[in-house]
Amino acid sequence: MITKKGISASPGVAIGPALVLDTEEYRIPRRTIHPSQVAKELRTLDAALEASRQEVSELRTALSRKMGQQTSAIFEFHEKFIADSKLRNTVAAKIENDLCTAAYAFSHELNRQQKAFRAVPDPYIKERVTDLFDIEKRVLRHILGRTREDIARLSEPVVIVAHDITPSQAVQLDRQHILGFVLNVGGQTSHMAIISRALRVPTVVGLTDATAEISGGEMVIVDGTHGIVIAEPDLATLERYQALQQEYERFETRLRGLRHEPAITRDGQPISLLANIELPQEVEAALEAGAEGIGLYRTEFLFLGSDRMPTEEQQYEAFSSAVRAARGKPVTLRTLDLGADKLATSMGVQHDHNPVLGLRSLRYCLLNLDLFKTHLRAMLRATVEGDVRIMFPMIATLMELRQAKATLADVMEDLEEESIPFRRNVPIGIMIETPAAALVADALAQEVSFLSIGTNDLTQYTLAVDRGNERVAHLYSPHNPAMLKLLRMIMRAGHRAGVEVSLCGEMAGSPIYTQLLLGLGLRKLSMAPKDVPEVKQLIRSTTLADCQRIARKVLQFDADRQVLNFLRDEARKVLPPEAF
Amino acid sequence: MVVEREVVIPNKEGLHFRPIMQFVDTAQRFAADVTVKCEGREADGRSPMELLMLVATHGTRVRLVADGDDAEAALEALSALIESGFGET
Chain A
1 MITKKGISAS
11 PGVAIGPALV
21 LDTEEYRIPR
31 RTIHPSQVAK
41 ELRTLDAALE
51 ASRQEVSELR
61 TALSRKMGQQ
71 TSAIFEFHEK
81 FIADSKLRNT
91 VAAKIENDLC
101 TAAYAFSHEL
111 NRQQKAFRAV
121 PDPYIKERVT
131 DLFDIEKRVL
141 RHILGRTRED
151 IARLSEPVVI
161 VAHDITPSQA
171 VQLDRQHILG
181 FVLNVGGQTS
191 HMAIISRALR
201 VPTVVGLTDA
211 TAEISGGEMV
221 IVDGTHGIVI
231 AEPDLATLER
241 YQALQQEYER
251 FETRLRGLRH
261 EPAITRDGQP
271 ISLLANIELP
281 QEVEAALEAG
291 AEGIGLYRTE
301 FLFLGSDRMP
311 TEEQQYEAFS
321 SAVRAARGKP
331 VTLRTLDLGA
341 DKLATSMGVQ
351 HDHNPVLGLR
361 SLRYCLLNLD
371 LFKTHLRAML
381 RATVEGDVRI
391 MFPMIATLME
401 LRQAKATLAD
411 VMEDLEEESI
421 PFRRNVPIGI
431 MIETPAAALV
441 ADALAQEVSF
451 LSIGTNDLTQ
461 YTLAVDRGNE
471 RVAHLYSPHN
481 PAMLKLLRMI
491 MRAGHRAGVE
501 VSLCGEMAGS
511 PIYTQLLLGL
521 GLRKLSMAPK
531 DVPEVKQLIR
541 STTLADCQRI
551 ARKVLQFDAD
561 RQVLNFLRDE
571 ARKVLPPEAF
Chain B
1 MVVEREVVIP
11 NKEGLHFRPI
21 MQFVDTAQRF
31 AADVTVKCEG
41 READGRSPME
51 LLMLVATHGT
61 RVRLVADGDD
71 AEAALEALSA
81 LIESGFGET
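Protein chains in written order, with the working numbering: chain A, 1 to 580; chain B, 1 to 89.
To be clear, the hints were calculated from the coordinates, so they are not data collected in a lab. Be aware that one or more of the hints could be misleading.
Straight-line Cα separation of at most 25 Å, DSS-like style, residue types lysine-lysine; simulated pairs [unchecked claim]:
no. : chain 1 : residue 1 : chain 2 : residue 2
1   : A       : Lys137    : A       : Lys40
2   : A       : Lys94     : A       : Lys40
3   : A       : Lys530    : A       : Lys573
4   : A       : Lys553    : B       : Lys12
5   : A       : Lys530    : B       : Lys12
6   : A       : Lys573    : A       : Lys553
7   : A       : Lys80     : A       : Lys94
8   : B       : Lys12     : A       : Lys40
9   : A       : Lys5      : A       : Lys530
10  : A       : Lys553    : A       : Lys530
11  : A       : Lys4      : A       : Lys40
12  : A       : Lys4      : B       : Lys37
13  : B       : Lys37     : A       : Lys5
14  : A       : Lys115    : A       : Lys86
15  : A       : Lys530    : A       : Lys329
Each pair of labels, with its calculated beta carbon distance range [to be verified]:
no. : chain 1 : residue 1 : chain 2 : residue 2 : range
16  : A       : Ser85     : B       : Arg63     : 48 to 58 Å
17  : B       : Gly68     : A       : Arg30     : 34 to 44 Å
18  : A       : Ala51     : B       : Glu83     : 51 to 61 Å
19  : A       : Ser57     : B       : Glu4      : 49 to 59 Å
20  : B       : Asp25     : A       : Pro35     : 18 to 28 Å
21  : B       : Gly68     : A       : Pro35     : 32 to 42 Å
Note that the coordinates shown come from a computational prediction; the quantities given were computed from them, not determined experimentally. Quick reminder that beta carbons are idealized off the backbone N, C-alpha and C, glycines included.
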């Protein structure tokens, strides 16, 4: 049994055979075998070599008709190489002398050869190393049985173990046959984490060397909730996880049953639940989870991980595909929120001494007008594809809002001159995520169509706490009495101006806060797609009258611990115990 | 009978796939054992894997050693093959 700790990327439990995907760096684990097993490993080796030789031979015959002599010669060499008795004898000797598996001995020998080739300065010879890779993979596939295959053609449910998977690969996957993902690289905000959450596939990322320790075919447990992966579990562990998996699935099934039910309190108050997304591919999963639209599309993900700024066409393609996927449901596009923890290599900015208080987000855009205008053009062009709204982040002053709106007006004029269609009356809103904006929300509300509260940044700036700094992270609490006062202030400002207020921070997706937020007057919450069913369940279990009572009570507390305990108790009263 | 001869690999791409296969095919026509030595490495003249691992690039000097009744003929055929550049440039 091997237990590995990684980063939880998508919750849930998956149990099944591992399918290790090829990467150029995969290695087969060294496993010592008993001398009595040597004969069996030798038979495995011989059978795999013969099967590989035949496979190449058939490939060569098929190819020679289509591709001509040159290609055919390459495979002829592969065939001769695999059939070479020297190769067979070297590997067999290693199995006998070192008491290792056929897979390990073969992989070891081929790796040795590849290393020797890489050291050669001659470019013609050096290129041959890819042939050695190819031969290695082919024979290993036969040694290991059906464990290394094409990801798009799976015939049975498997846990995918890989170095990394590209988003485009991931969305092509056959969801039916993917139980879970185990990846060497990635973090909670990596594309793969986002997509696996959207697909609701238990996933652990950031394991560094999972592909080296899991060879394929063996049973693997993926505990996506806790970021743990267990290979070849013992019976007790397996049974424990099977029970956990059933419990989790029962809960999930019940939540999924709510998908088409309205989010309405028991006393008849409808609440609008929307989803936060980062990639256009997430829209479908968001709607499937029961979201009524997209309340926050974080467009900056287009800009991350590339050294070049995306072109207007690339941006338009992403925005319009998200809008089309929403099929007429609202999509709120937030303009670029780069900076602080999200720095694109293409930004070319110097590191600020204090990045969260530095040149980030809208400030960066207003100083880089060409980039900002291209961005806004792409957004405006997408407005004709559906119900689009545009939202500016990180507003601190009225002047910033006016500058942003003036830039948008310029871009509209340009588009009109060029006769490019867009919707002139596209609703414009802002995020309230600085204390300054919260305090002047009255004035800001006069100039926009909607306000959206970003509780993550608002909490950080209000309490002067960096959540990423472990020494002060415990001081970060969105339910701090100071925060609650600001929330109430923003709600009142919106109400007086007749402007809709929504909330799109992490607070919106946690059922503990749902009753408080409803009680404070919020009717629109935007959250991660995976959180929609749970929040909906809570809304359907409570009454607006109760929520208002809870909010009134909580506003009298003066310690955040007190607030949290009270809210937790109130949520427990209406939610089943599995929710916690 | 053991005979030896030194030759230089004349073709641009060196001892790669096609030349190796030609070499092996030729060596197999004779009964004599053929060994190819190159910069301290050694390969069985009938093993494509070992010949590939010689990494005998363009301009490399290799020593052919043949041992057996038809050693002389084998050496003649193999060095002629190499010197012809395996029909390449």
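Hints and how they fare:
{"no.": "1", "hint": "Lys137/A to Lys40/A", "result": "21 Å, holds"}
{"no.": "2", "hint": "Lys94/A to Lys40/A", "result": "14 Å, holds"}
{"no.": "3", "hint": "Lys530/A to Lys573/A", "result": "22 Å, holds"}
{"no.": "4", "hint": "Lys553/A to Lys12/B", "result": "86 Å, violated"}
{"no.": "5", "hint": "Lys530/A to Lys12/B", "result": "60 Å, violated"}
{"no.": "6", "hint": "Lys573/A to Lys553/A", "result": "16 Å, holds"}
{"no.": "7", "hint": "Lys80/A to Lys94/A", "result": "21 Å, holds"}
{"no.": "8", "hint": "Lys12/B to Lys40/A", "result": "44 Å, violated"}
{"no.": "9", "hint": "Lys5/A to Lys530/A", "result": "23 Å, holds"}
{"no.": "10", "hint": "Lys553/A to Lys530/A", "result": "30 Å, violated"}
{"no.": "11", "hint": "Lys4/A to Lys40/A", "result": "30 Å, violated"}
{"no.": "12", "hint": "Lys4/A to Lys37/B", "result": "48 Å, violated"}
{"no.": "13", "hint": "Lys37/B to Lys5/A", "result": "50 Å, violated"}
{"no.": "14", "hint": "Lys115/A to Lys86/A", "result": "19 Å, holds"}
{"no.": "15", "hint": "Lys530/A to Lys329/A", "result": "18 Å, holds"}
{"no.": "16", "hint": "Ser85/A to Arg63/B: 48 to 58 Å", "result": "23 Å, violated"}
{"no.": "17", "hint": "Gly68/B to Arg30/A: 34 to 44 Å", "result": "41 Å, holds"}
{"no.": "18", "hint": "Ala51/A to Glu83/B: 51 to 61 Å", "result": "39 Å, violated"}
{"no.": "19", "hint": "Ser57/A to Glu4/B: 49 to 59 Å", "result": "36 Å, violated"}
{"no.": "20", "hint": "Asp25/B to Pro35/A: 18 to 28 Å", "result": "40 Å, violated"}
{"no.": "21", "hint": "Gly68/B to Pro35/A: 32 to 42 Å", "result": "38 Å, holds"}
Comparing the model with each numbered hint stated earlier shows that hints 4, 5, 8, 10, 11, 12, 13, 16, 18, 19, 20 do not hold.
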